[in-house]
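Given the coordinates of chain A, assemble chain B onto it according to the supplied hints.
Protein chains: 2
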Amino acid sequence: MYAFSNAVNSMHSEDVKRLMKQASGKSLISFAGGMPNNDLFPVKQIDEIYNSLPEDTKKLGFQYGPTSGYPPLIKSLESYLKNKGLAIEDNKILITTGSLQAISIITQEFVNEGDIILTENPCFVGALSVFETVGAEIHSIPIDKNGIDINALKSKIESLNRKPKFLYVTPNYHNPAGIIYTPERKKQLLEVLSGTGIILLEDDAYSDLYFNEDEKHLIKPMKSFGVKDVEIIYTGSFSKILGPGFRLGFMLSSEEIFEKAETVKQALDACTSNFMQILANEFLAQQKLEPYLTFLRSEYLERKNLLQKHLETYMPKEITWNEPKGGFYIWLKLPPHIKSTDIFKETVTKGVVFVTGRTFDPASRKDDRLRLAFSNMPKDDIEKGVVILSETIKKALKTSEATIQ
Amino acid sequence: MYAFSNAVNSMHSEDVKRLMKQASGKSLISFAGGMPNNDLFPVKQIDEIYNSLPEDTKKLGFQYGPTSGYPPLIKSLESYLKNKGLAIEDNKILITTGSLQAISIITQEFVNEGDIILTENPCFVGALSVFETVGAEIHSIPIDKNGIDINALKSKIESLNRKPKFLYVTPNYHNPAGIIYTPERKKQLLEVLSGTGIILLEDDAYSDLYFNEDEKHLIKPMKSFGVKDVEIIYTGSFSKILGPGFRLGFMLSSEEIFEKAETVKQALDACTSNFMQILANEFLAQQKLEPYLTFLRSEYLERKNLLQKHLETYMPKEITWNEPKGGFYIWLKLPPHIKSTDIFKETVTKGVVFVTGRTFDPASRKDDRLRLAFSNMPKDDIEKGVVILSETIKKALKTSEATIQ
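From first to last, the protein sequence lines stand for chains A and B. Start counting the first sequence at 1; every next residue gets the next number (UniProt numbering). Start counting the second sequence at 1; every next residue gets the next number (UniProt numbering).
Same shape as in the complex, but just chain A (with noise of 0.2 angstroms):
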């Protein structure tokens, strides 16, 4: 039975729920979604395929599939991965309903209630939502710019009298953090986990939306990088690179992890659509991918600079933030005075939303951040936002040093 955690129904959801209602309304100017643009998913190139599948093909699109997938995307994906430099070797691919089902799967596969989870902090809600309702016990360890603090990643793992039963991070674009690790960070956080025994979920929705070509070399996965005394269960998604809309994600893991793994999807909704992803394996097998990521990341490139450029327009010196590389999100950071959920609560009254910093706190106290997703925002709104989110930033600030003096 799942654990119905306060945590679950009172902290994160609160906020996201709210914002969500709030985001619906038409007027809203929504730096909170954090999905692609309705006007960026590739319809033509999806009406293209469908309507040149053949018939044969379409029936099979309403049978049921096997449950590790529709074969001809496990191998498409095979090569997906190879030029991420991941070799399948002895692994192997399980297609999932969404990257979010996969994580459920490794944490039913993994996890008991009041089993160790370590994370990073901040952290991708979802994957927290997952954690809290299996009722496991959640140790957060923070990032900077560069990744995880490797000394707190260490002195935790010292300090913790059970083995946590893996790490979960997401280290191409954090969400919500937005930086990317580096190539160095990569190794030490291998290096400390090396004959711990604790599991590395490797969570990589974001890697294809670098803004950069120069810098691809950048998301590396650590599964890729040869070592072997460290388990490490590698997560893929579509949603990011084809629309959420499909629930498409997957897995790459030993066989004995695919095994279980396959299992419990058995037992959770028997295959994936086939459906969904016969469209996705041709938009690969097509070759439609590169061109499609090539027109993804200058659009998102373009929203990023826009945001960049009216942040630092607008934006007083106390408020700080890393350039974020790739990805959807800029991560604000607050004087410790000012709160996120406070600043939320005034500029929801004039129309702007975000998601605040302490949703993404496993302890749900952490509020002295922000996160502005650039990637669903229509360009001509985000100067209009950020003015609106200066302003009341700066009121806070005044309000605040009043309050001091």
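There is no bait here: all hints are sound.
Only pairs whose alpha carbons sit at most 20 angstroms apart, straight line, appear in this in silico DMTMM-like list of lysine to aspartate or glutamate:
no. : chain 1 : residue 1 : chain 2 : residue 2
1   : B       : K58       : A       : E48
2   : A       : K366      : A       : E137
3   : B       : K59       : A       : E48
4   : A       : K339      : A       : E401
5   : B       : K379      : A       : D56
6   : A       : K44       : B       : E48
7   : A       : K44       : B       : D56
8   : A       : K44       : B       : E55
9   : B       : K333      : B       : D368
10  : A       : K58       : B       : D47
11  : B       : K44       : A       : D47
12  : B       : K44       : A       : E48
13  : A       : K59       : B       : E299
14  : B       : K59       : A       : D39
15  : A       : K59       : B       : D47
16  : B       : K84       : B       : E184
17  : A       : K58       : B       : D39
18  : A       : K333      : A       : E391
19  : B       : K59       : A       : E299
20  : B       : K58       : A       : D39
21  : B       : K44       : A       : E55
22  : B       : K59       : A       : D47
23  : A       : K58       : B       : E48
24  : B       : K58       : A       : D47
25  : A       : K44       : B       : D47
26  : B       : K44       : A       : D56
27  : B       : K84       : B       : E213
28  : A       : K220      : A       : E191
29  : A       : K260      : B       : E113
30  : A       : K59       : B       : E48
31  : A       : K379      : B       : D56
32  : B       : K260      : A       : E113
33  : A       : K156      : A       : E191
34  : A       : K59       : B       : D39
Computed, partial: chain B to chain A, Cβ under 7 angstroms:
no. : residue
35  : V43
36  : G61
37  : Q63
38  : Y64
39  : L100
40  : T133
Note that these hints are calculated values from the structure, not bench results. Since this is a predicted model, take the numbers as computed values, not measurements. Where a beta carbon is used, it is the ideal one built from N, C-alpha and C, also for glycine.
Then chain B, alone, in the frame of chain A:
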């Protein structure tokens, strides 16, 4: 953590896996697949729907949707359920990724390892997998041609020292038994549960597939009986009326159960594919379901009639069965000294497969039955398949007689 019981890994799935492997060979005559035939899917209708979708609706198909489901589909389902006599009233619909996900969600919501679940015997093997992977203690109650054995159900409940979490039944065109509960038996079942606090999980995946319009009243769900002191969760599926590849199902439950179920689903796959939900919604909203069902019913009736006729012609008198009034299956009864698994071992070498009886027994023992699915059979194969099957059974009867003498 999922309980990886031996049952799941070895008993049920061994046969099923072997069957699936065998059934993928081209020359096999397969009575095994509990699924529609590829040639029966409404490909043309979905083509028309897809190509007439407004651009904005298509874009929505690529995007995340609410966890509870695509609102227009929920609305269409309300009408669909009203036609079955199910007033929504205080209940809520949750769209799920196939109806197996609904069973999985309900199990995760209510069942801890070691908790008791009541099922029919025989029981849908997909549900058994779900119950076994969470480590439930399964107690099964026999069914006869009119439904669950009421006295056996009463005695079972009285004999248990703990309250079962729920009773799982598939009253309409049972898988594998092919029967439909009589209205009287449905009423008696509700009387037994009344006041016990045992939830009724009513799985209704096949009710649209009756063969005779005059018997339509028989499918009336127990949830529509107006019994106030039995908590009933009703589940349905698009797999039999559109296609399993859509991975679409739903559950109808009280608001309290719905809310927790939504939280569980949030952590399983966030939401069900908007793309698939949009196509399914148009299929319902454009009134394409009823004409398609008329076609399906006549196709399945024809296949059932062929199978029934050839069984009557070729089967020895020792073999009995109930002629089904709808659904996908005929459930043959063998004399007690002949094992379904032994028959299978013989027929598979001759190119004929089916699912063995013990697959559907939670204890994996009762093996005097075999399930023949006519839904996925090319009509021309039916006679040949029955001839091979009946010859094998006759041979087994002779051998056993010889052994006895």
